[in-house]
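Enquirer: Chain residues, written in single-letter form:
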Amino acid sequence: IQMTQSPSTLSASVGDRVTITCRASQSISSELAWYQQKPGKAPNLLIYKASTLEIGVPSRFSGSGSGTEFTLTISSLQPDDFATYYCQQYSSFRTFGQGTKVEIK
Amino acid sequence: QITLKESGPTLVKPTQTLTLTCTFSGFSLSTDGVGVGWIRQPPGEALECLAHIFYNGDKYYSPSLKSRVTITKDTSKNQVVLTMTNMDPVDTATYYCAHMVGQWLGRGAFDYWGQGTLVTVSS
Chain A
1 IQMTQSPSTL SASVGDRVTI TCRASQSISS ELAWYQQKPG KAPNLLIYKA STLEIGVPSR
61 FSGSGSGTEF TLTISSLQPD DFATYYCQQY SSFRTFGQGT KVEIK
Chain B
106 QITLKESGPT LVKPTQTLTL TCTFSGFSLS TDGVGVGWIR QPPGEALECL AHIFYNGDKY
166 YSPSLKSRVT ITKDTSKNQV VLTMTNMDPV DTATYYCAHM VGQWLGRGAF DYWGQGTLVT
226 VSS
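Quick note, the sequences are listed as chains A and B, same order. As numbered in my numbering, residues 1 to 105 make up the first sequence, in order. As numbered in my numbering, residues 106 to 228 make up the second sequence, in order.
Simulated from the structure, these hints should not be mistaken for lab results. There could be a bad hint or two in this list.
[As the list claims (entries may be wrong)] List time: in silico DSS-like cross-link candidates among lysine-lysine, alpha-carbon distance up to 25 Å:
hint: 1; chain 1: A; residue 1: Lys49; chain 2: A; residue 2: Lys105
hint: 2; chain 1: B; residue 1: Lys110; chain 2: B; residue 2: Lys182
hint: 3; chain 1: B; residue 1: Lys110; chain 2: B; residue 2: Lys171
hint: 4; chain 1: A; residue 1: Lys49; chain 2: B; residue 2: Lys164
hint: 5; chain 1: A; residue 1: Lys38; chain 2: B; residue 2: Lys164
hint: 6; chain 1: B; residue 1: Lys110; chain 2: A; residue 2: Lys38
hint: 7; chain 1: B; residue 1: Lys182; chain 2: B; residue 2: Lys118
hint: 8; chain 1: A; residue 1: Lys101; chain 2: A; residue 2: Lys38
hint: 9; chain 1: B; residue 1: Lys164; chain 2: B; residue 2: Lys182
[Claimed, not checked] To list a few chain A residues with every Cβ distance to chain B over 10 Å, as calculated:
hint: 10; residue: Ser13
hint: 11; residue: Lys49
hint: 12; residue: Ile104
Glycine residues also receive a C-beta, built at the ideal position from the N, C-alpha and C atoms.
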């Protein structure tokens, strides 16, 4: 199963609402996770089962979708949120999207 | 507290076999639903899952790497080992191991990660 994220890069300002899209090449039901990764660090799980927030993750992060189309939304971008975000399906083996880098505008 | 740590060579020559060990604590790989996976990330590129193994011994491999990769577990030592044969410079990457709980238990994602280890393939 191939995962395609868009955009590849996103320029935004603190306080902006940000949306990242992830599309699966076939239906994966809700078996999708979102991760945040900062340079030199391991990824950090944000959301699983498409919309369930991992414990300790701020509520400004939310996920939605099912089947083949999914979104990650950051309701009000904070300085700590500038990072690269990956989606990952776990319906069949596990594959990641190519990543979306959120940059300072 | 769940922790994982990768260990192994930092430099391997082309055609050699890479062996990496993931040593973990805070959970048991004999607990229902628990699994450990290996994920790699070439410099500046995306994440790629290589293999994962579950508490019951079920193993899953990346279709593109299945012929080169083997994953095993030693429950008594709290270790998971990844071997990858015929290493090539394109295999240069940071290799991570990560904990997961199977999706049939409502989870499925990699929720705890090791710090990663950079493996360079060069002669």
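Enquirer: Take the hints in turn and mark each one as holding or not.
Expert: Checked hints:
1. Among the hinted pairs, A:Lys49 with A:Lys105 is inconsistent with the structure: their alpha-carbon atoms are about 31 Å apart, more than 25 Å.
2. In summary, the hint linking B:Lys110 to B:Lys182 is supported, as the alpha carbons are separated by about 13 Å, within the 25 Å threshold.
3. The straight-line distance between the Cα atoms of B:Lys110 and B:Lys171 is roughly 24 Å, inside the 25 Å bound, and the hint therefore holds.
4. Taking the CA atoms of A:Lys49 and B:Lys164, the gap is about 22 Å. The hint holds against a cut of 25 Å.
5. About 30 Å separates the Cα atoms of A:Lys38 and B:Lys164, which puts this hinted pair outside 25 Å; it is violated.
6. Proposed proximity of B:Lys110 and A:Lys38 is supported: the alpha carbons are some 19 Å apart, at most 25 Å.
7. As the CA atoms of B:Lys182 and B:Lys118 are separated by approximately 29 Å, the hinted pair breaks the 25 Å bound.
8. Restraint check for A:Lys101 and A:Lys38: the C-alpha separation of about 10 Å stays at or below 25 Å, so the hint holds.
9. At roughly 18 Å between alpha-carbon atoms, B:Lys164 and B:Lys182 fall within 25 Å of each other, so this suggested pair holds.
10. With a least beta-carbon separation of about 25 Å from chain B, A:Ser13 lies farther than 10 Å from that chain, consistent with its non-interface assignment.
11. Residue-level check failed: A:Lys49 sits 7 Å from the nearest beta carbon of chain B, not beyond 10 Å.
12. The Cβ of A:Ile104 lies farther than 10 Å from every Cβ of chain B, with a closest approach of about 19 Å, so its non-interface assignment holds.
Hint check: violations occur at hints 1, 5, 7, 11; the rest are consistent with the structure.
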